[in-house]
Every structure is written in structure tokens, then in C-alpha cells.
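Asks: These protein sequence lines map, in sequence, to chains A and B.
Per the numbering used here, residue 1 is the first one in the first sequence, and the count goes up by one each step.
Per the numbering used here, residue 588 is the first one in the second sequence, and the count goes up by one each step.
Keep in mind that the hints are not guaranteed to be accurate.
Stated by the list, open to error - Here are the computed lysine to aspartate or glutamate pairs in the EDC-like style, where the Cα-Cα straight-line distance is at most 16 Å: (1) A/Lys-149 - B/Glu-629; (2) B/Lys-631 - A/Asp-500; (3) A/Lys-149 - B/Glu-635.
Because the hints were derived from the structure by calculation, they are not lab data.
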Amino acid sequence: MKIKRILALALACMMMLTACGSNETETETETNTTTENTQTETETETEEEEVEEYTGPKDYRGWTTSRATFNPQMYTNSKTIMNAGTLVAALAENDELVWYPHHASELPTTTDGGTTWTVKIREGLVWSTGTALDATDYEYTFKMLLDPKLVNKNAAYAYDPVVIVNAKEYSQGNANWEDVGVKLVNDHELQITLQYPASELDFYSMIGSLIWPVEEETYEACMNADRTSTTYGTTLDTTPSSGMFVVSEWVTDGYEKFVRNENDPLVKEGWVKLDSYTSRYISQNATRAEMFWAGELDNHSLTGDDYLQYKNDPRAHSLLSANVWGYFMNGASKNTIMQQKDFRNALHYGTPRETICEDVYKLYPAAPALISTGIYAGDGYYRDTEAGKAIAEKYATDYDKAVELFNKAYEANGGQPVSVEYIYFEGQEDQKRQAEILQEHFENLFGSDRFTLTLRACPPASAYDLYRAGEYDLGLGVRLMGNVFNPWSGLNVWKQDYADPYITGFASDEYDQLWFDCMYGDIATDTAAKVEALAKMEELLLDYGCFVPVMQNNNCVMYHERVELATENYLPFIGFSTNQTDLIAAA
Amino acid sequence: MLKYILKRVAAMALTLFIILSLSFFAIRLIPGDIAGQGAAPELKAALEARYHLDKPLLEQYVIFLKNFLSFDFGESINLYPRRPVFQIIRDKIPTTLQLNIFSLALTIPIGLACGIAAALKKNTWVDYAISAMVVFNVSIPSFVFATVMQYIFCYKLEWFPFLLELEDSSFSLSKFWSMILPILALSFGGISTITRYMRAELFEALNSEYMLLSKSKGLSKLQSTLRHALRNSFIPLCNVIIPMFMNLLGGSMVVENIFGIPGIGSLTSASIQTSDYYLTIAVLFFYSCISLTSMLLVDLSYGIVDPRIRIGGGKVRE
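Input sequences plus hints: build the corresponding full structure.
Replies: Spelled out as C-alpha cells, the structure:
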């Protein structure tokens, strides 16, 4: 009897514990949403008045999942940029992206069509340590960034895609510093010479915005004896700041705090509203979600069901990814059916990308083309151009066409049942489900008696090694587009002379020539011609069938009611420009 | 005894060397890209040259050993670029240590008390309740405890902060308050383990013949339990409790991630995932040192707890 009583008691306790869980979550969440929406509707006018009046502390409470270093030559993310100044700042003004001189006293200018650039540095700039910041700091920065012994990860910013004369050669130990196209004219002026002419957009977005200065005194103090490594930016003491914010506190993998830099020219001009920005290291999405709903964080990334529930909430804002995920197709595979272009195209048209996005990823939109909607080309988004739209329409999902192409390939292959292997990443439940959807869909579409898709799980690194070796048929993955303003740069991975290719069998002289023309040739500064060329390059890749685009991994961020963003529109490169965010109420 | 310790230390050094070598070769077998996906090929080549990865494996091993023996443990490649790996581990230990000390201070007395109570009240409701608690704790992973506690006590009831307080480097009441949930999450497993061992050992001791003898000599139940049964029950517990002390230096990845604790717990997996070779080896070496030292201490403790066990003694004289 006693045992029964104890068991009953334990069971009751567990039921109570369970009751505290899921059911209450749903009820609470629904209640919160309703309440918040009602409040938003009924209190708009009152809030507007309060916005004007709020003069309390403005500490933004953000989060991050990693903080490797504050050395701007080794690591990049938006928070690193926050405390590091640049020659040119990308800012949001009237819901548009504007380029504004930051450490430069005026926007860099060129007199010979984009090859030689003059950069004038403001007077009176200072580091957070109190030492003066001038053109000599930038010259030193370039020298250290490209130092062959240091092997800095961001060295390529000086030669890819905008090529400073002899920068790459110097970084590889094949040139002297005197031969590099960075010359100090005087303490407040630099002259930068490029190997190929660059447009203003390219120069501002690369050299202007991605070369963060380092402070010589600290950098040298942190250097080891044989000058092969520096611990600059690895602790608070070794992290001087020169940006709109100064790093004031930092516990590695714990939290970091930035305070407004009153000496910064953009702060003086009123571009920055926040007093400080505190960022906690929170790796668990569930913790972030609970903290956000409890009002302890000012933003939170929505995922899965949360996204479906709140995607239309005015506080939710979509962030466009620069990348399109899909799967590589190996036209050079030993599997003869893979060598058939019609077969590869059949897979492209037959891929149920819309179903995959709806059933699995929820947050990600389907993408029928290689270049994402977050990529800028010239004056606007590439996918909004006529050429970009035409490609997306031409390669949109079309099951009838897929079956037609498959039938042709099937006959050409001798009418024998075909089997191909699809590699996906191990341990990723979403990608496993994507693979299973593909498997079921293709076998239904083409007939399971004629087509079999076998699935193979691989760790991501092993999968990419197989793509490099060409030992695969189909393989999930992505080629990252590094620069949102220069899609041509990221498309170099499909060139025949690219040093680290994934084998797909694609090789096109026409493609290579178009790439060169856009990057460094006759049309390098002709935006309209480059957009047309970009569409042609995309068409060549899709027509061959080396990669099947599936989805664009967008993000959706929900902001606290007290956050007033600097722009309502998502802007390339700066997103919603966190540096310019304002807080209109207390936490 | 000293001779025995020296022998064991020498064996430890050999074991560490083997672990170090195996780690070196095993990590090289893991596929990965030290430059990260999407990195320029020339950067990848330059980084491989910098870290000697372009050389034959045996040559890499010789360079690695040479550096290691001169106490140059290398620098982090990806996780904390250019930061010496020794410094990374050293910086993370205090937070982990602080938390684990509190956890242990809770785990040992509660575990012992529950184990003793269950053994003394065997087959009563006390025993059943404690056993149910043990089964509950053992069968539910710590991350579930941590998540549920965070949800209930931080989100719903708002009694505790979500994350460990880090803003104040000195120890304060508010900081301790923020440590309570992680301490509890870390303690449940240990409490159950100690309770289980203690209950089993003490129950066996209570039913042994020397307990009958002690009672017949006129000792009360309390006296005989405290003087004889408990002491004998502690011998096997050395195997459990001493490694717990050593594990003060090791963190829990899951609990640290959930409560935002910048400890050492997630260093191993993170360094492997990012192909951070030197950091991975250093962390494995660190954990190996802890394990081997705790094993040595466990063996030595037997002789202290139970005088009948003499370690490292010479041949038994006829």
C-alpha cells in the first residue's frame, strides 16, 4: 500500500510539473500577443508623446553568440565594427543607405576614373587611449594587415575585390612595402593606388568601410619577439577604440559593453542616440526567447513556430541573407545519368523548394536562382532588376518541364532505372527532413521504378571535402557571397582557375571572360552592363546545372517596443543600423 | 609510499604522453578547414604554412612535441584567434571553479544525508521517497533540469535572473543569487550518485557481523553506526567523491550554455568544431591531467580511510 501511495504522489508531482510547462506557455504567449497588440493600438498617441520626453539612460540590451577577438584584422562582425572607426561610414538616412566620411574629412575622391584615390583624414581624431589618430595610423594598419608573417584573416580586404597595387604580392612576401599602392602624403592624407579602376561604391564599401585602424603603440606592445603574432584585441586592455563606441567592459564569452565615444566625429554630429550597448553571450535560443518575452532583451531572432506566429507583428523585421542554399550537382560524376544536362535541369525544375521552405524551414523563402534578394548591384537590389527577374522566372519550379527533361535524359541513358546519391549534413534535423522530402518527391515525380534517390549523412567538413574531390552526385551546401555590393566577386568560385573549387564539371570561357570584364575589365564601372553580365553569368550556371538553389536563409528579428530603428527598410551591409538605434522608453 | 607515488607519477607522465600523441593524430584525422568556409584559397594556404600543416604529419608531430616540451602550447587558431591556449584555459577556470565549489558544497552533504537516511530507514516511505528522487535525477539529464528551472523560476516566477551575473567581478549577494539555479542544476546528478552509493554501502555495513558484535558489546545503534558502519561505508565512496573534487576544474557545457556562464565547459566541443587544433589538444591534455591526478588521489585515499589497505608496501613477511 505504501509503495502505491508513494508512486501516486510522485506521479502527481510530475503531472504538476508538466502542467507548469507547455499548456501555460501557449496560453501565456497568446495572451501576451493580444495584450501587446491592443496596447500598441490604443496607446499610440500617448507613446508618441512619451518618445519626445524620454531622457533617461539609453542602454541597449543585445545579445551575441560569439566574441572571438576585437582585433579588427582577424575577425569581423557587426559588434567589432561598433568600436572600430573607418574611413567611410555606412549610415541609414531617410530609410536609405548613405556613405558618410567618418575618419575621412570628406568622401575619398579619384581623378583618373577610379585608379588613384585620395583619402584625407580629419584633424583632431583620438584613440580611446588618448593618442592622436591620423593618416600614419592608417598607413601602419595597411602594413600590418598585409604583413606576410602575421597572416591576418582580413588581409584580402586590401586586394579582393578592390585590388591595391602589390598588396597581395606583399602579403605573400613577394614585394616590398615601398611597392604597395598605399602612400602617406602627409599626416592627414593618404594616396591609394589600385591595379584596376574601382567604382565609388566598391571603394567605399571595401577600402572605405572594411579597413579598421589599429593603434600602433598597443599593436607593437602585443607583438611577440619574432613578429609573427600579436595579442592585440584579445583583452580589454589591448583593445583601443576609435569608432562611435568604446569597449568599456568585456568578459570573454560572458558579456561586453560599449559606451558612446564622445570624441567620435559622427557622435558629435548627432548620428548616435544610444548611451551604451550591452551585449550578453547567450548561445541558447530558448533562453534568449524567454529573456526577450520577459522584457530583458531588446531584440530576439524568431525561429520556427515563433516566426509563423509573429511574422506579421510590427515589431518583427526581416533581414535578407546574402546567401542561397541548395545542392551542388556533379556533372563530372562517374554516375552517367549525372553527366546528362537534361537530367540535372530536371532536378532543378523538379525541386520542391516551396514545399521544403513551407514544411521545414518556415523562415526561409524559396529561391529559384543563385543570387539572393539581399544582393545589391549598382543602385538597387539585383533581383529587382529586369534581368534579375527574368532569370528567376525562367528557372522557377516547373514540374511538367522537369518530367519532360527527365524523360529525355532517361531515354538518352538507355532507359535503365537510375539512382543518385544525395549528401546532407549529419546532425542537422532540418536538412535531414529536406533530404527526405526531396527523396519522396522525386521518386513520386519521376516514378520510383525509374528513379531512386539514396540519402547519405555526412559531417559538413567531410561533405565539402567530397565536393572538392568530385566524389559525389548531389550534395547540400552553399557558396557564400561575401560582399553584398559586389556579387561578381563571390561568383569567382565557378571560374576555371579558382584555387579551391567544388567539382561540378562546369567550365566556361564565356563565364570567365564575363567575370573578368565585370571585375576589372571594360565594364567594371558600368553598372548597367555589369547587371546584364551578371544575369548572363547566372544563366550560364543554371543552364549547365551545377547548383540547384533551394532557399535563402533569411533571418527575422523582433525588437522591443522601446526600440526605435534608424530605418524601417532593411538596408544592405548595415541592416537596420544598430549603431543609430534609439530607445524611446525605459526598460 | 613515496616510492609508490613516484612510480605512479612516472606512469602518469607516460600516459599523458600517449594521450597527447593520440590526440595529435586523431585531431588531424577530423575533416575541417582551419581558414573557415568561404575563405580565400591563398589565406588557407598561408594559414596552413603558419601552423606547419603543409608539412608531413610526422614532421608536424616533431615540431608539436618540441614546442610542447618547451611549454609553448601554441595559440588558438579560430575560436579565439592569436590568444595563447594556456591563457584561454586559465581565464576560464575561475568562473567554473567558483560555481563547482558551491555545487560540491551542496552535493556532498545532501548526498550523504540522503544515503544515510535511506539506508537507516530502508523499506520505509523515507527510503522510497529518496529512491524515487534518485531515479528521477539520474534519468533526467541536467540540461532538462536547467531548462525547466530557468523557465519556471526565471521566466514564470521571476525569482532568479536568467543568466549568471558577470558585471560585478567581486563576489556579492546578487551574484550568489544568480548562481543558485546553475548550482542546483549541477548538483542533482552528484547528489543522486552519492546517495545511491551511500545507501548501498551503509546498508551492507549495517547488516554485517561486526555491527552485531558492536551491539552485543552494548553500543547504541547511533554509536555503532557512527563509529563502525559509516567509516567502512566511506571506503568505496572515495571512488566517487574524490573525482568530484577534481572535477571542480571541469565545466558542464550544457549548464554553462543555458545560464550564460563563461566557463570551460564548452571549450572542447567548440574547439573541435572550429578545427582549432592547438586549443583542442590543450583542453584534452588539461582534462587528462585532472583525470589521472584524481585516480592517483583515489588510490592514495584508500590507505588513509582504511588502515588495512597499505599501498606500495613491500613483500608480506612470512
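Asks: A separate judgement is required for each hint: does it hold in the structure or not?
Replies: Hint check:
The hinted pair formed by A/Lys-149 and B/Glu-629 meets the criterion: a straight-line CA distance of about 14 Å does not exceed 16 Å. Taken as a hint, the B/Lys-631 and A/Asp-500 pair is honoured in the structure, with Cα atoms around 10 Å apart against an allowance of 16 Å. The hinted pair formed by A/Lys-149 and B/Glu-635 meets the criterion: a straight-line CA distance of about 13 Å does not exceed 16 Å.
Checked against the numbered hints listed earlier, the structure breaks none of them; every hint is satisfied.
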